[in-house]
Structure formats: C-alpha cells, structure tokens
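Line by line, the protein sequences are chains V and Z. Mind the numbering: the first sequence is residues 0 to 211 in numbering that gives the first Met the number 0, read in order. Mind the numbering: the second sequence is residues 0 to 194 in numbering that gives the first Met the number 0, read in order.
Possibly wrong hints are sitting among the right ones.
Stated by the list, open to error - When the alpha-carbon atoms are kept at most 20 Å apart in a straight line, the in silico EDC-like pairs for lysine to aspartate or glutamate are as follows: (1) V:Lys70 to Z:Glu43; (2) V:Lys182 to Z:Glu17; (3) V:Lys182 to Z:Glu132; (4) V:Lys194 to Z:Asp11; (5) V:Lys182 to Z:Asp11; (6) V:Lys194 to Z:Glu17.
Since the hints were made in silico from the structure, they are not lab data.
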Amino acid sequence: MPPIPVLDLANLPDADVVALAQKGREPAYRELIRRYERPVFSLVYRMVRDRELAEDLSQDTFVKVLTHIEKYRSEFKFSSWLFKIANNVAIDHLRRRQLDTISMEGSPHATTSDLAEATSFELATQDETPLQELEARELGSEIERAISQLRPEYRACILLRHVEDKSYEEIAATLDLPLGTVKTYIHRARHELRKLLEHVREGFGPVTEEPA
Amino acid sequence: MQHRHLLPNEIDLLVDHESGFGVQPLREHVRDCPDCRARLALAERVVGSLAEVPLFAPRVGMADRIMSRVPVFVPWHVAARDAVVQWVPTSGPARALAAALVAVVGSIVTGVTLWVATRGDMLATVTGLVGEEARSAATNAAGDVVVALFGNQVVSAVQQVGPLGIAFAAGGFLVASVATVLGLRLIAASSRARS
C-alpha cells in the first residue's frame, strides 16, 4: 500500500478516523484502538472482574467492530457503537457463565452459607498468582467492591454515566434500552451504592435513612 | 419551602444538576434541611468517587493482537486510486514533466488509433494477413508434434487413407488406452488381495 498523506490522526474526531478506516487505512484502525482500549477494557473488566478474560473479551469487541467498520453509520457516535458491542460481549459472557450473580460476598441467590462461600471471591490468598494479586489490588477499593455488587445492567449504566460521562440518551442508545429504564437503573444503582458505602464514614460520611 | 424530606429521585435531580421546573424548591429545601443536605452530600460524594475511578490498562501490545485478527478492508476504488497515486511523482517539477509525457504519449496513441480506424480496407487486409500467418504457424507446429510422436511413415500412411484412417487410428488408440488402464487396475487389485 502506498504511503498516505501524513495526518495527525490523534487530533481528528472519531467520525473522520472511522472514515479513514473505512478506506482501508490501517493507522486509522490503530488510532481507534489506541483511543478506546482503556475505556473498553475498564468497562469489561469491571463487568467480568477477571483481567485475562476482560482482555480476551475486549479484543473480541474490537475485532467485531473493526471487521465490520464499513457498516458503521455516522449518525451514531462511534463510541456508543463500540460500548454497545463491549457491553453485549460482557453480558453474553456473564449469562453463559452465570457469573452475573457472583459478587465479592458470594451469590445473592446462594441459599446456604456453603454455596455463598463457594461463589465468593477471596481478595488475597496464599495461592494467588501475580495476576490475581493485581486484580485484587485494582478492584479492592470500597467503591470497586460496591460497583461489583450491582446487577450487571445497573453496573453498565452507572459506569457509562459516571466513568465515561455519557448522557442518559447516549446510554439508552448504547444499551438499546428505553430512556426511562436507563434513568431507573441509574437511580437504583446510585441508591444501592449509597447503601453499600454508608458504612464507610471516611470519605463518604454518615448517612441518615432515606424516606421510602 | 416544602415540609417533607426529599425523595431519592429528587436527590438524583440535584446530583445531575437538573434545572427544570420544580428543582428550585428542592434546592431551597436542602438549604434549610440538614438531614437532606447530608443525604445530598453523600450522593454527590458517591457520584464524585465514581467519576474518579481509574481507567485500567490492558497488557502492552493489545493493538497488535487485535490487528492480527482484523482483515483490513480496502474498497476497490481506493485500491485503484492508490495504484495510480504510487506512480505519481512527489516533487512539483517531476509531476509537471510526467504530465507532459503522459499528454504526448496519449496524443500519439490517440492519433494513430484514429488514423487506423479511418482506413477500414487496410485494417481488413492487415487482419487477414496476420490471421493467415497465425493459422499456418499453428498447423505446422501440430504437424511437427505428430511426426515426433509417431514417425513420418505412420503420418504418411494415415494421410493416404484419409479421414477414415484418422478415425480408425484414434479409435485404436482409445481402445489400447482403456485396456491398459483396466489391466493396471487388475494387477493392483490382485496384488492387494495377496498382501
């Protein structure tokens, strides 16, 4: 392939970079990956809570998106399309593996203490691999623990809203949900987070009971 | 000021900095109610801490791993344009020279084509001569191959007999080929049966 005119890809808006990718410019593909590898990986990692698996699923997300880049329609935001695929990939995996019910404290559906223990995460054990240790450190903060205990649907909404700074409308488009449902999910997620974090006085402060 | 505490969804309206109708009374209530003020402060701290959670980095080389699985799709019109572009010189003077050269060659080719096209009788004569030469060359080459394979005597004998002789020879050749193939298969089958 002949050299293309030197473009400062980093300063182009997503739509222009995608247009170049649609013309078969490999640097444009790489620029899209560079822009979104961390946000996509972070979203998927917080959904599945397994670093290696999150890498695989993030890669699958990018492969799906970039393989079908010619189908992208510019009336949608590229990031919304990308996060939609990432969320679907993560949710599909959770459904397949039934990991959606697993939390740090064990599955909320566990009926016995043994079952709860079997489905709980250990934050640090003597058998931990360096990778698991890294995961435990990364996801071990109070806020990360609280996020991990949300339902996956709530988790995706709250992460897109506050980590990716998406509007309610964008989240609705990204997750293919009605706007009202997105608002409800975010409202419930915040409410659960407040309950989960109310014991953490330092940094979050005391809580008084909310009216029903 | 309203006299009831804020509902959770009303707290959310304030957290989202909504400015619609009905939000101002909520703000006034919060200003005067320590309980709701504390709840709003907690909600804002939770949202603030969410906004501050870090982005995680995947292992180095993710782009390479992804690109090794992505076929880069180049549309035909882009590929065609690229093929042309790679022959275009980069410097201005070289570009002007190339353009002049293309114009001269293009003009000559066009002129010759038009000149030939306006002389139909000459075109027909030339085409006929070339066709005759090609046919003659192909016939001679085929004759040489047959002579090399079967020898001069066989060829002259077949030529004497005529088309009937050629058909007879071809039939004999076909029968001999089929018999050879069947014989070889029979030998192979009996050899497998023994082993």
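For each hint, the structure was consulted:
Under the criterion of a C-alpha separation no larger than 20 Å, the hint pairing V:Lys70 with Z:Glu43 is inconsistent with the structure, at around 40 Å. With a C-alpha separation of about 13 Å, the suggested pairing of V:Lys182 with Z:Glu17 holds against the 20 Å cut-off. For the proposed pair V:Lys182 and Z:Glu132, the alpha carbon gap of about 85 Å is over 20 Å, so the pair is violated. Proximity of V:Lys194 to Z:Asp11 is assessed by CA-CA distance (about 15 Å); at most 20 Å being required, the pair is judged to hold.
Restraint check for V:Lys182 and Z:Asp11: the C-alpha separation of about 10 Å stays at or below 20 Å, so the hint holds. This hinted pair does not check out: V:Lys194 and Z:Glu17 have alpha carbons roughly 23 Å apart, beyond 20 Å.
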